[in-house]
Structures are given as C-alpha cells and as structure tokens.
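Okay, here's what each chain looks like letter by letter:
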Amino acid sequence: MFRSALRSTVSAGIMVAAMATASAQVLEIGADSGPTGLDPHLITAFPSFMVVNGNIYEGLTAIDKDLKVIPSLAESWTVSEDGKTYTFKLRSGVTFHDGSPMEAADVVASVKRLLSKDIASPLASRLSAVESANAIDAQTVELKLKEASAALLSSLATIAIVPRSMEANKDALQKAPVGTGPFKFQEWQPNGYILLTKNEAYWEKGLPKLSGLKFNIVPESATRQVGLTNGQYALLPNIDAATALQLKGKPNVKLAETMDLAYTLIGMNVSKPPFDNPKVREAVNYAINREEIVEAALFGAGVPGGPLSPALKSWALDVKEFGCYAHDPAKAQALLKEAGVATPVSVTLKVLPRQDIKDIAQIVQEQMNKAGFKVELINQEQGQFIQDWRNSNFDMFASLNAGQPDPDEYFYRTFRTGGSTNVYKYSDAEIDGLLDKARSQTDQAQRKAAYDAVQKKLACTGPVAHLTYGTLFSAMNDKLKGYDVMPNRSLMMLRSASY
Amino acid sequence: MNRVLLARLIDLVLVLFGVSIIVFLMIRLIPGDAVAIMLGANTEITPERMAELNRRVGLDRPIIDQYLLWAGSALRGDFGTSLWTGRPVATEILIHLWPTLELTFLSLLLGAVLAVPVGCLMAQMRGNAADVTMRIGAIAGLTIPSFWLGIVMILLLSAWAPSFASLGYVPFSEDPLGNLQRMLLPSIALALPILANLSRLVRSAMLDALGQDYIRTARAKGLPERSVVYKHALRNALIPFLTSVGIMTGYLLGGAIVVEQVFAIPGLGRLILGAIAERNYPLIQATILVVTAGFVIVNFLVDLLYILVDPRVRA
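Order-wise, the sequence lines are chains E and Y. Counting in our numbering, the first sequence runs without a single skipped number right up to 532 at its last residue. Counting in our numbering, the second sequence runs without a single skipped number right up to 355 at its last residue.
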C-alpha cells in the first residue's frame with residue numbers, strides 16, 4: 034500500500050517534470066502585488082491593469098510605445114465633420130477566448146456595460162461624451178457624441194471589449210476574464226500567481242510567440258531581484274531606479290528604460306489659506322529645487338518636469354519656459370512677503386506611503402523650510418491617504434500619479450472647475466475656457482496652442498507643483514527578446530516577445 | 041474528561057462570538073474606505089459612482105444590519121464572498137491555509153523537536169565552553185530578525201546553488217520535491233527563533249529539575265545518567281515547554297507575515313495583510329475567526345497533553 038503510493042507519487046513527479054519542460058516558454062514574471070480583480074471595466078490599479086491590458090483584453094484602439102493611437106480591434110475609423118460621429122470598421126476574424134466571434138454587437142454591449150449604473154464602472158467618465166453606440170452591421174460600429182471629444186480615440190484604448198453575453202453580468206469577469214487578446218486566462222492563485230496561456234486563435238498571425246505568461250506575486254523587492262538573477266523569473270516589469278541600479282551589470286540581466294508618464298507632485302489645497310493665494314503657490318515653486326530631487330531621490334534617473342510628461346513629445350513644453358522653475362529661495366521669501374502671510378508659513382504635507390515619495394517629501398520639506406515655510410510631514414497609511422485626498426482634507430500632499438497619453442484626459446478632470454479629480458478645489462475662468470476649447474477642437478495646432486497656455490499658467494500658480502518624471506525601467510533575462518518597457522506601463526508588447 | 045471538553049467548547053463559542061464583534065467594529069473604525077482604496081489614488085470618479093460601488097458591495101447599509109446579515113449567514117456556514125473578486129471567502133481561506141499549516145508543521149518539527157536534546161545538552165554541560173557557545177547561539181537566534189535571515193539565506197543559496205528554486209510555493213500534491221525544496225529556507229527562518237527560545241527554556245527547566253531531591257535519589261539508586269536525565273528530569277521539565285509550544289503554534293497558525301512576504305508564500309499572513317490593506321471586510325472577518333479558532337483549539341490540545349505528561353493534572 035505504502036509502496037504503491039510512493040510509486041505513484043514518484044511517477045507523478047516525473048510527469049510534472051516532463052510537463053515543465055514542455056511549457057518551458059511560459060514567461061515567469063516577478064510582480065510586486067497582485068490584482069484586486071480582473072474585470073477590465075472595474076479595475077484601475079496598476080497590478081490589475083498590467084495583467085489585463087493588451088494581454089487578455091483589447092480595445093478598439095491601442096496606444097503604442099511612442100504614445101500614439103494605433104488601430105487594434107478597429108481596423109480603421111472615420112470622424113464626421115463636426116467631430117460628433119465616429120464610425121469604426123472592425124477587424125474581421127476576431128474571436129473571444131470562449132470561441133464566439135467579436136462583432137459590432139459586442140462593442141455596443143461593452144460601451145453600454147461601461148456606462149451602466151449596475152456595473153458602476155469607475156472608467157465611465159472616460160466615455161462621458163458618448164451619447165449612443167449603434168451597430169450598423171456586423172463589422173461596423175457608430176459612436177455618437179454629445180459634444181466633440183478630442184481625447185476619445187486615446188481613451189478608447191483603455192476600454193476593453195467584452196463578449197455581449199457579459200453586458201449585465203457583474204461578477205463573472207472579475208474571476209475569469211474573457212477577452213480577445215493574445216493570451217487567455219488560465220488560473221489565479223490569490224497571493225500566488227496568475228497564469229495566462231497562449232491564445233491559439235489570435236487574430237494577428239504568428240503571435241504570440243510565448244506559450245504563456247505567469248505573473249508571480251512576490252512582494253519583497255530583494256526576493257524579486259534574486260529571482261531574476263538566479264533565473265527563476267525572466268522579467269521584472271516597471272521597476273524604479275533604485276532597484277534597476279542594483280540589478281545593473283548583473284550577469285544574464287539586461288535593462289530597458291523609458292521616460293515615465295507618471296509624475297511626482299506636491300498638491301495644494303486652494304480652498305483655504307495659505308494656498309488660496311497664488312503668490313504662495315508660486316513661492317512653493319521657487320522654493321523647490323527639482324534637480325536636487327532628481328539627484329537625491331531618483332538617483333539621477335529622471336528629469337524635472339512640468340504639467341505634462343516630456344514623453345508626450347508633441348504636447349509638453351520645455352521646463353525652461355517656466356520662470357518659477359529656477360530655484361530661488363530669496364524670491365520665494367519675497368513672494369510670501371508680497372502675499373502678506375506671516376512667515377514662517379506653517380503647513381502640513383501628507384505623504385503617500387511609497388519609499389520614493391517619502392524620500393521626495395523629506396527633500397521638499399528641507400527646501401521649503403529654507404524659503405520661509407515650516408513644513409510638517411505626515412506619513413499615512415494608504416487607505417487613510419486616499420480618503421484624505423478624496424475629501425480634500427490636506428494643506429499639501431506628496432504623491433505619484435499615473436499620466437495619460439492625451440492632455441485632455443489629465444487636465445480636464447483635474448483642473449476644470451468641479452472636475453472629478455479636482456481635489457484641490459481649483460477654479461479659474463481662464464483655464465476652464467481653454468480646457469473647454471481644447472476639448473472640442475480636433476485641429477492639432479489649435480489644441481496645442483490652448484494647452485501651451487494652460488501649461489504656462491498651471492506650472493507656476495496652479496494647485497500642483499509638478500516635480501519630476503522618473504525613468505521607468507524593466508529588468509529582464511537577456512534571453513528575452515522583443516519586449517520593451519512602455520511609458521504608460523502597459524505590458525502589451527509581450528505578445529511579440531520570445532524567450 | 042467530557043466535562044473538560046464541554047467547558048472548552050463553550051469557551052470556543054464565547055471567544056469566537058466576542059472576537060467577531062470586536063473585529064467587525066475595529067476594522068470599520070480604521071479610517072479609509074473600501075471603495076476608495078480599490079479605486080486607488082487619482083481615479084477619475086464622481087461621488088455618485090462611489091455610492092453605486094458602495095451599494096454594489098453592500099457597504100451602504102447601516103453597520104448593525106451589516107453585522108446581523110453577516111452573522112446570520114456565518115452561523116449557517118456561509119462566510120460570504122470576497123469584496124471585489126466575488127470568490128467564496130471559505131475557498132480563499134482554504135487555499136491560504138495549506139501553506140501556513142505546512143510551514144507551521146515544518147518549523148515546529150525543526151525547532152521544537154531539536155530544542156529538547158539541545159536544551160538537555162546545555163543543562164548537562166552547564167557552565168562549560170559548549171554551554172556558553174550554545175547560549176550565545178540561542179541569543180543570536182532570538183535576536184536575528186527572520187526577514188533578514190530569510191533574505192541572507194536566499195542570497196547565499198542563489199550564489200552557491202543558482203539552480204535551486206527557493207522562491208514561491210507549489211502544492212505538495214503537485215510536486216512534492218519542489219514543494220519541500222521551496223519550504224526549506226522559510227522553515228529554517230521560522231524554526232531558528234523557536235529553537236533558540238525553547239532550548240533556553242528546556243535548559244533552565246532541566247537545571248531546575250536536576251537540582252531536585254528525587255534526582256539525587258535516582259542517582260543514588262545507581263540509575264544510568266541517561267535515564268536520570270531523559271526519564272526523570274525531562275518529564276518534569278516538559279510542562280512549561282508544552283505551554284510555549286502551544287502558544288507558538290497558535291502564532292504560527294496565524295500566518296508568518298514577514299517570512300511569507302520574503303519567500304513569496306501565499307499563506308494566511310499575506311491573506312490577512314492584503315485584506316486589511318484593501319479593507320476587504322468579509323475576508324478579514326472570517327480569516328481572523330479561523331485564526332482565533334485555531335488558537336483556542338491548540339490551547340485545548342495542549343491541555344490534553346498536560347494530562348498525558350503529568351498524572352497529577354488528571355485528578
């Protein structure tokens with residue numbers, strides 16, 4: 034009895050070993066935290082986005098490495114003269130992972146699902162301009178807008194197309210996603226791993242090259258690093274400079290880097306003193322030395338940045354255009370005097386619990402204290418920080434925010450009066466006018482002119498002192514080919530990677 | 041005997057009821073809102089959508105309703121579903137329970153079992169160089185933080201034996217060898233402080249026992265030294281040892297958060313930590329109840345062991 038049990042255990046072991054060789058092309062990824070769910074219409078956090086975006090699900094459009102909008106499930110599209118009607122021609126021969134064909138009805142169902150109250154999607158505001166979605170025929174979809182929306186095509190890249198059968202289903206996709214992407218969902222061990230396998234019926238012939246992706250959830254940074262150097266993991270996606278520098282030059286490890294879309298910032302509450310006074314906000318900018326922050330907190334891997342990431346080459350202004358970015362504590366003191374506030378100005382700074390942000394907050398505290406402020410740091414737990422942020426319960430906060438490929442996606446909701454993430458309570462008639470105008474324009478030159486003016490005004494007297502844009506790294510085994518790190522942290526390039 | 045059992049069972053029910061109320065209130069006292077945390081910082085969302093999301097997961101109801109609803113289904117054996125994934129909480133706990141049970145078993149096996157001979161040896165060699173060395177070792181074992189030890193062991197192993205897969209977890213049923221291979225280092229990291237603690241305890245209890253009159257009598261009878269130490273002295277020294285093992289087992293069953301983080305093991309510690317961070321109320325609630333029940337049950341088993349070891353308790 035015992036011997037036979039032993040024998041079957043041993044043979045099972047051999048079988049497992051054999052299976053391991055057969056699936057040797059499953060890419061082992063070391064991720065720092067696991068997703069809270071996999072429903073693409075419900076998730077917003079990076080750990081979920083990373084697994085789902087471009088791997089399991091696709092949108093009508095996609096964002097490429099240079100942050101340009103490219104066709105994805107829509108092969109092509111046309112926009113009406115007034116910018117209010119978009120007609121999408123769908124790619125033919127696309128199927129979902131459950132075998133059903135992807136057609137116009139699925140696109141319409143996905144849009145409706147996103148906008149429905151029952152699903153309560155936090156992404157709904159990205160389609161707030163959409164009035165209706167209609168299937169013209171099986172391969173053609175028409176979106177009618179209430180008003181022109183210049184960022185629509187870029188926003189659509191993050192709106193996953195799900196099967197029509199899921200339109201009213203609230204729970205199924207959180208556990209078992211069904212998309213059209215190059216990899217399909219196989220297994221999820223909470224706190225362990227998420228396993229995706231190759232979608233054999235993927236519409237782009239010859240892709241994906243890998244037979245699967247395994248996202249191992251490894252919370253400890255030192256452990257991930259060892260896992261990469263000893264070959265247990267082949268990719269550590271989207272890591273910070275400190276980790277990248279430690280891995281630099283290790284045998285069998287190579288690094289890829291790009292300019293991050295995400296930015297570090299100091300947010301100011303303009304609904305109460307002292308930051309209700311634009312001169313005080315300008316003084317903060319003069320007090321801060323951004324080069325020093327890049328050197329000390331980002332280990333030199335980053336650049337000082339304004340309201341838009343330098344990765345947005347066609348939009349961002351050079352920081353030289355912003356006068357207040359010249360570090361000048363004396364000027365800051367003079368501005369505080371002009372503002373008529375009692376110095377030193379006592380304020381609190383709430384800090385997002387991430388090591389890089391804690392480092393940055395300490396440097397900012399030091400710099401501001403030398404320029405007429407008296408800053409008290411408040412280190413908070415994540416949940417508490419988010420709650421205070423949402424309730425505008427702060428003088429100042431230090432944080433890291435994800436950036437967006439189109440300026441409208443960031444500016445409108447953040448700086449427009451009453452915008453959904455305008456926690457600063459900022460309200461400025463000129464900015465509102467410019468943002469409204471740029472949103473309804475489709476002419477690139479006119480939009481650019483409007484956003485130039487917005488950036489200039491926001492940089493010095495806006496409610497946010499933008500600090501830095503870091504260099505975003507990925508570390509990988511040098512046998513991994515064809516993968517590159519993207520500014521928006523998407524891992525969609527894994528479809529063409531091989532190992 | 042039956043009366044002891046019954047009394048313990050009543051204890052268990054009372055403790056679980058008390059804990060369920062305390063946990064329920066406490067986790068709701070922590071600032072931070074489950075919906076806001078799920079969405080993360082800087083998500084574009086209107087207050088109306090937030091309210092809809094709250095309704096979706098039932099957090100819009102009054103707190104008393106929420107408790108009664110939860111307690112009602114928990115009594116029927118239904119612990120509800122995880123807030124956002126919709127997975128049954130019972131399944132979620134079961135998945136994370138196995139690695140924790142295994143880790144508890146292995147680290148006790150290494151730590152507690154070794155502690156007895158090591159402690160006896162230290163007592164017998166009292167005062168000489170070997171005793172001093174072992175005592176210094178024990179203090180080191182107590183003071184070295186397990187996360188540091190874990191990372192150092194991973195680093196050393198990856199330098200010496202790069203192909204030895206030491207990270208993550210595979211179930212024993214899938215790959216017994218790979219499972220033991222991955223459990224080795226975390227078990228050592230957890231076992232070392234246990235070994236240090238318990239061997240010191242055994243040492244002092246043994247020294248105490250060895251000074252007693254009955255030991256002198258046993259020696260005077262001409263019993264061999266081994267029999268004196270292991271049969272007469274040890275049995276009496278075991279009571280405080282068992283108490284400590286019981287408490288340690290209770291803690292280990294609650295999950296070893298730090299070691300689980302370092303070695304990427306999906307155990308109860310990480311389940312609770314993650315659940316608290318995302319304010320996953322149903323999951324926190326049930327997991328803590330399971331851990332509490334584990335603690336009470338282990339204590340009960342220790343009480344039974346007392347009876348086995350010490351006939352006086354039986355009376």
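By construction, these hints were calculated from the structure, which means they are not laboratory data. Please read these numbers as outputs of a predicted model, since none were measured by experiment. Take these hints with a grain of salt, some might be off.
From the derived model, a few chain Y residues whose C-beta atoms are all more than 12 angstroms from chain E [unchecked claim]:
#1 V97
#2 L197
#3 L313
#4 F335
With beta-carbon atoms standing in for the labels, derived distance ranges [unchecked claim]:
#5 E:N202 x Y:L69: 30 to 36 angstroms
#6 Y:K271 x E:Q388: 55 to 61 angstroms
#7 E:Q388 x Y:P102: 52 to 58 angstroms
#8 Y:L46 x E:S149: 22 to 28 angstroms
#9 Y:L141 x E:P134: 43 to 49 angstroms
#10 E:S125 x Y:L65: 39 to 45 angstroms
#11 Y:T183 x E:G333: 44 to 50 angstroms
#12 E:V352 x Y:L224: 51 to 57 angstroms
#13 Y:L69 x E:V352: 42 to 48 angstroms
#14 E:P377 x Y:P71: 39 to 45 angstroms
#15 E:Q388 x Y:Q221: 56 to 62 angstroms
#16 E:Q388 x Y:T283: 47 to 53 angstroms
#17 E:S379 x Y:S203: 54 to 60 angstroms
Glycine included, each C-beta is placed from N, C-alpha and C at the ideal position.
*C-beta pair Q388 of chain E, Q221 of chain Y: status relative to the range 56 to 62 angstroms that was hinted*: violated (32 angstroms)
*Between Q388 of chain E and T283 of chain Y, is the Cβ distance one that fits in 47 to 53 angstroms?*
Given range 47 to 53 angstroms: violated, Cβ gap about 41 angstroms.
*12 angstroms Cβ clearance of L197 of chain Y from chain E*: violated (8 angstroms)
*Any Cβ of chain E at or closer than 12 angstroms to V97 of chain Y, or is the non-interface label fine?*
violated (10 angstroms)
*If you check the beta carbons of T183 of chain Y and G333 of chain E, does the distance land in 44 to 50 angstroms?*
violated (37 angstroms)
*Take the C-beta atom of N202 of chain E and the C-beta atom of L69 of chain Y, compute their distance, and say whether it sits inside 30 to 36 angstroms.*
holds (34 angstroms)
*Using the beta carbons of L46 of chain Y and S149 of chain E, state whether their distance is inside 22 to 28 angstroms or not.*
violated (54 angstroms)
*Q388 of chain E and P102 of chain Y, beta-carbon distance inside 52 to 58 angstroms?*
violated (40 angstroms)
*Do L69 of chain Y and V352 of chain E keep their Cβ atoms within the hinted range of 42 to 48 angstroms?*
holds (45 angstroms)
*Given the range 39 to 45 angstroms, decide if the beta-carbon distance of S125 of chain E to L65 of chain Y lies inside it.*
violated (58 angstroms)
*Taking the beta carbons of L141 of chain Y and P134 of chain E, is their distance inside 43 to 49 angstroms?*
47 angstroms Cβ-Cβ, so the 43 to 49 angstroms window holds.
*asked:* Does the beta carbon distance between V352 of chain E and L224 of chain Y stay inside 51 to 57 angstroms, or does it fall outside?
replied: Distance hint for V352 of chain E, L224 of chain Y holds at roughly 53 angstroms.
Going down the numbered hints, you'll see the structure goes against 1, 2, 3, 7, 8, 10, 11, 14, 15, 16, while the others check out.
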